[in-house]
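For chain A, the structure is supplied; the task is to place chain B on it using the hints.
Chains A and B supply the protein sequences, listed in that same order. The opening position of the first sequence corresponds to residue 621 in this note's numbering, with each subsequent residue numbered one higher. The opening position of the second sequence corresponds to residue 621 in this note's numbering, with each subsequent residue numbered one higher.
Read the hints as simulated data drawn from the structure, not as lab findings. Take the hints with a grain of salt, since some may be wrong.
For chains that are exact copies, the list does not tell them apart, and a pair is met inside one copy or across any two.
To be verified - With a cut-off of at most 25 Å between alpha-carbon atoms, the simulated DSS-like pairs for lysine-lysine come out as follows:
| hint | residue 1 | residue 2 |
| --- | --- | --- |
| 1 | Lys-1135 | Lys-1090 |
| 2 | Lys-810 | Lys-741 |
| 3 | Lys-1172 | Lys-1135 |
| 4 | Lys-786 | Lys-773 |
| 5 | Lys-783 | Lys-723 |
| 6 | Lys-943 | Lys-1003 |
| 7 | Lys-1172 | Lys-1132 |
| 8 | Lys-741 | Lys-723 |
| 9 | Lys-1135 | Lys-894 |
| 10 | Lys-783 | Lys-773 |
| 11 | Lys-873 | Lys-1003 |
Computed from a predicted structure; not experimentally measured.
Below are the chains, spelled out letter by letter.
2 protein chains.
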Amino acid sequence: MLLLRRCRGLTLLSTRRLPVAPAVASCAVRLRSSSAEDQGSYQRAHRPGWRHAVAGLLAGTGAVLAYGLHQHKAEQEAAYPIFSQEEVTSHRSLQDGVWVTYKGGVYDITEFVAMHPGGDKILLAAGGALEPFWALYAVHNQEHVLEMLSEYKVGELNAEDLKKQKTMQTLDPYSSDPERHPVLRINNLKPFNAEPPPEILSDSFITPSAFFFKRNHLPVPQVDPATYLLQVEGLPGGLLTLSLEELKTRFPKHTVTATLQCAGNRRSEMNAVKQVKGLNWGIAAISNATWSGARLRDVLLAAGYGPDVARRAGHVQFEGLDKDVTGTTYGASIPLNKAVSEEGDVLLAYEMNGADLPADHGYPVRVVVPGVVGARNVKWLGKIIVSADESSSHWQQNDYKGFSPGTDWDTVNFKSAPAIQELPVQSAITAPADGAVVDRSSEELTVKGYAWSGGGREVVRVDVSLDGGKTWQVAQIRSSEKGQAPEGTPPTGRAWAWKLWEITAPLPPGAKELKIVCKAVDNSYNMQPDTVAPIWNLRGVLSNAWHRVNVKIREDEREE
Amino acid sequence: MLLLRRCRGLTLLSTRRLPVAPAVASCAVRLRSSSAEDQGSYQRAHRPGWRHAVAGLLAGTGAVLAYGLHQHKAEQEAAYPIFSQEEVTSHRSLQDGVWVTYKGGVYDITEFVAMHPGGDKILLAAGGALEPFWALYAVHNQEHVLEMLSEYKVGELNAEDLKKQKTMQTLDPYSSDPERHPVLRINNLKPFNAEPPPEILSDSFITPSAFFFKRNHLPVPQVDPATYLLQVEGLPGGLLTLSLEELKTRFPKHTVTATLQCAGNRRSEMNAVKQVKGLNWGIAAISNATWSGARLRDVLLAAGYGPDVARRAGHVQFEGLDKDVTGTTYGASIPLNKAVSEEGDVLLAYEMNGADLPADHGYPVRVVVPGVVGARNVKWLGKIIVSADESSSHWQQNDYKGFSPGTDWDTVNFKSAPAIQELPVQSAITAPADGAVVDRSSEELTVKGYAWSGGGREVVRVDVSLDGGKTWQVAQIRSSEKGQAPEGTPPTGRAWAWKLWEITAPLPPGAKELKIVCKAVDNSYNMQPDTVAPIWNLRGVLSNAWHRVNVKIREDEREE
Chain A
621 MLLLRRCRGL
631 TLLSTRRLPV
641 APAVASCAVR
651 LRSSSAEDQG
661 SYQRAHRPGW
671 RHAVAGLLAG
681 TGAVLAYGLH
691 QHKAEQEAAY
701 PIFSQEEVTS
711 HRSLQDGVWV
721 TYKGGVYDIT
731 EFVAMHPGGD
741 KILLAAGGAL
751 EPFWALYAVH
761 NQEHVLEMLS
771 EYKVGELNAE
781 DLKKQKTMQT
791 LDPYSSDPER
801 HPVLRINNLK
811 PFNAEPPPEI
821 LSDSFITPSA
831 FFFKRNHLPV
841 PQVDPATYLL
851 QVEGLPGGLL
861 TLSLEELKTR
871 FPKHTVTATL
881 QCAGNRRSEM
891 NAVKQVKGLN
901 WGIAAISNAT
911 WSGARLRDVL
921 LAAGYGPDVA
931 RRAGHVQFEG
941 LDKDVTGTTY
951 GASIPLNKAV
961 SEEGDVLLAY
971 EMNGADLPAD
981 HGYPVRVVVP
991 GVVGARNVKW
1001 LGKIIVSADE
1011 SSSHWQQNDY
1021 KGFSPGTDWD
1031 TVNFKSAPAI
1041 QELPVQSAIT
1051 APADGAVVDR
1061 SSEELTVKGY
1071 AWSGGGREVV
1081 RVDVSLDGGK
1091 TWQVAQIRSS
1101 EKGQAPEGTP
1111 PTGRAWAWKL
1121 WEITAPLPPG
1131 AKELKIVCKA
1141 VDNSYNMQPD
1151 TVAPIWNLRG
1161 VLSNAWHRVN
1171 VKIREDEREE
Chain B
621 MLLLRRCRGL
631 TLLSTRRLPV
641 APAVASCAVR
651 LRSSSAEDQG
661 SYQRAHRPGW
671 RHAVAGLLAG
681 TGAVLAYGLH
691 QHKAEQEAAY
701 PIFSQEEVTS
711 HRSLQDGVWV
721 TYKGGVYDIT
731 EFVAMHPGGD
741 KILLAAGGAL
751 EPFWALYAVH
761 NQEHVLEMLS
771 EYKVGELNAE
781 DLKKQKTMQT
791 LDPYSSDPER
801 HPVLRINNLK
811 PFNAEPPPEI
821 LSDSFITPSA
831 FFFKRNHLPV
841 PQVDPATYLL
851 QVEGLPGGLL
861 TLSLEELKTR
871 FPKHTVTATL
881 QCAGNRRSEM
891 NAVKQVKGLN
901 WGIAAISNAT
911 WSGARLRDVL
921 LAAGYGPDVA
931 RRAGHVQFEG
941 LDKDVTGTTY
951 GASIPLNKAV
961 SEEGDVLLAY
971 EMNGADLPAD
981 HGYPVRVVVP
991 GVVGARNVKW
1001 LGKIIVSADE
1011 SSSHWQQNDY
1021 KGFSPGTDWD
1031 TVNFKSAPAI
1041 QELPVQSAIT
1051 APADGAVVDR
1061 SSEELTVKGY
1071 AWSGGGREVV
1081 RVDVSLDGGK
1091 TWQVAQIRSS
1101 EKGQAPEGTP
1111 PTGRAWAWKL
1121 WEITAPLPPG
1131 AKELKIVCKA
1141 VDNSYNMQPD
1151 TVAPIWNLRG
1161 VLSNAWHRVN
1171 VKIREDEREE
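Okay, chain A solo, but in the shape it has when bound:
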């Protein structure tokens, strides 16, 4: 459904002519989207005064408005002037105006820059074509985004320059992405983001790589292992460059079983409270694997790390080989003490579950930072930089941070919150599914799920309630595969792997519905919050309230 609001009402549509009057162009169109991630969801409310207009649209006038817009466009079609690419390219700043082209149209988006959900990045497209950016950030490929763009149209590109553009744009940056297993539930195709069905997640302590949730920010890069080089910067030894072979042979191979979780896992529950910006993840943006590789600590020591560095540096930055059309790579950083600690277990992993890393998980090398949010586990690792500063990347500075439920896009200050590193205690019910029906004749019900906590804090208990949280039972926890020897208690502070849990309980007599709830406790005795609304945040991250699943009990028909 198209949800838009318009400056001064519908009457303005027929009076709007070139050049665009600033007062008109600054009116934002507000749109609703459910599949957008970091690059913006186009949901920001930039002009709070317009909220009443939105309410009106929601109440049913949207269709009328949409009709009016289409009519208006048809009337304008012939009226636009023709521009050359050179003229477009001369508009590359807020001073000179910011012009872009899209499918032969020329658009002056100067006034929109400040409202772009993806921030200043939009300026990278100034003076050129939008197509390669929108191919990269597929969130834009929605009808309402095109409608919004049409508001800024100022002309047409000449035929010759349009032809040149099309020749340049034949390559889809995602065309070399790998094949994926069809069972995955896709949240976004380009970049690829998908999670396994919850019911298979808890069937295996180690998640098979094909089912491991995928969370890519950019196209999967093609890396040749023969020519791959890992660069290590910022240490007294100068630049250290390691081939894949050197990484494998110069340093001992360590194996760690570690769970990775996306900061946005369970975001859909926050969306149910109030719309947030980000992919609508269910409960399965979390998986567990064994990772093998060199210890980051060992590589940093080989590159000259020592007490002198510890005094001046505070962070280890990672750059991926995945990049956007401007050459900007994915990036993140972790605190230095996590990187160099013997007990941090940070790996430069080249194997996942005993085989080479799959393309989607960072082939040939990724960082695995156990206990830390997925976003810092940089894939397709190209560069390591020991620094006094955090990564300056968008994902470290202006994303993946938590805020108060009272903070909105008008008031948010990304500098005020720390970048997410360790994640809070988490658990969810993987079976039964919400809305499932259980026969009374089965007499009992088995509830299954996972539990995990960040920072190496071991989950020590999972409480399960069948009555919405009034009474609680303790679930059975397992820390390894069925049939395998249990792994035993991990060393204090190094419990990197999740726990799977289950409980079989008799169906309560007389109950027609079960309100199943789970909550986990870690060995710092942190608990999950009861409800979602008080931890709601505008990016929909850190969604770790009690997980709730409702199940109906069907009475045996013979007894009825």
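Frame of chain A; chain B shown alone:
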């Protein structure tokens, strides 16, 4: 109020004669107490079948029962045989019977041993007088405990032996306890347990030592600094013995600002849900001080700690010089990696807030384990033992652990839960007080409080609601004294000191009452749970739900 239940009703009272029939003696008396700590509250329900009897008592028949008991005692007074101390002393085991004396009476408590809330410790009193134990564990000095004891009376001690006993018992083990500031709110006098009034707690980033909450488990020992010796055991160097002077001169002096919190802080809120066992702490069993001393790590290294030890050992045990009449000392342990980590900042502290440790806080030396529950910060430190095992002390094994709200004293298995070490994220409102009245004419309200998290996790945000949690504002946080330079961001994972916070908000128009709530978030983005009941546990520890304070708004009379 006396709350007791009796085997087979009142009629049995008159039929009970020596020797005590096991079936009768095994009937437990159930009592209610609100000031008991570790040694037992006499609240355990050992015979679930008797709960109906208790319910009856609660409904008002208790007074009748108590009257009956007194009558019965008067009738029996003359009927008891006389025993010598030697005869009493011959009953020191479950096989021979467990006899004790109290104020000249002789009691066969064999059948009570299994029901003793304080566990097997009761056997230490076998064959002798109860008085010195009850002087130590003041929980026993309540009328209903005497009533219970009277059920087990089997005779009288002869006059000569009674005289000898009295001579031995003139010394109160608490007679040398130090003077305390009268502003402290005393939860228990012997051992001394007290907290400051909340309103002065948040007036100072550093809590003055006199106001720092006191939590003693035993009498304060008198330690002569000239002859004090600290023993370090379990390391390749053999036994290391350090005088106070050696501790101060052989090792660099480090200073750490660290908050200590009792596991039972805010227990009163759990008691409000359902009675728990333990001292009824308010919100001020937490304080912040600077501590100076030698690093435990340095002392362990000097005693031969190295990688070999790390492979075989897992814990560092501490023994206090405070002891009970049997010579049992207070004890606890922490994980080895916390003790030896450069970033663990564990101190053998000999100064608090720039002066010698006060007697109540462990003079001359205590362990300060930043980020870890108060109970492991052993005072009056006598011995350090590096070991493969946790401390075997009562306080490490059978106390200071968390359980599910569904676990009761009939089902609890202390082996199933880990000893509390790092504490979960916490915050509370110190002003205004619950029930305060605010004048409408003041127009705005300032809310103040503290926030802290265990494990060195820094509190990064405190959310405050005035409407019971529907809407939230972000409070201002400060990390140092007013007028002092701020301490800045502590190194990652080493935020040992609390944050004080405050927020000044306009009084909401029309509101007659404010439901003030606070909740803190630490840098692992752990949040406090919303409500108390789902984290309730039988020991009333780890009480860290949102803190709630209700305030009334009084309208300006002139306007009414």
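Now for the hints, and whether the structure bears them out:
1. Lys-1135 x Lys-1090: Both ways: Lys-1135 and Lys-1090 sit 10 Å apart in one copy and 23 Å across, limit 25 Å.
2. Lys-810 x Lys-741: within (18 Å within a copy, 67 Å between copies)
3. Lys-1172 x Lys-1135: Intra 9 Å, inter 36 Å, cutoff 25 Å: intra-copy only.
4. Lys-786 x Lys-773: within (19 Å within a copy, 102 Å between copies)
5. Lys-783 x Lys-723: within (10 Å within a copy, 108 Å between copies)
6. Lys-943 x Lys-1003: For Lys-943 and Lys-1003, the Cα distance is within 25 Å only inside one copy (13 Å; across copies 58 Å).
7. Lys-1172 x Lys-1132: Only inside one copy: Lys-1172 and Lys-1132 sit 6 Å apart there, 42 Å across copies, limit 25 Å.
8. Lys-741 x Lys-723: within (20 Å within a copy, 85 Å between copies)
9. Lys-1135 x Lys-894: Both: 22 Å inside a copy, 23 Å across copies.
10. Lys-783 x Lys-773: within (20 Å within a copy, 107 Å between copies)
11. Lys-873 x Lys-1003: Classified as within; 20 Å inside a copy, 40 Å across copies.
Violated hints are absent here; each numbered hint is respected by the structure.
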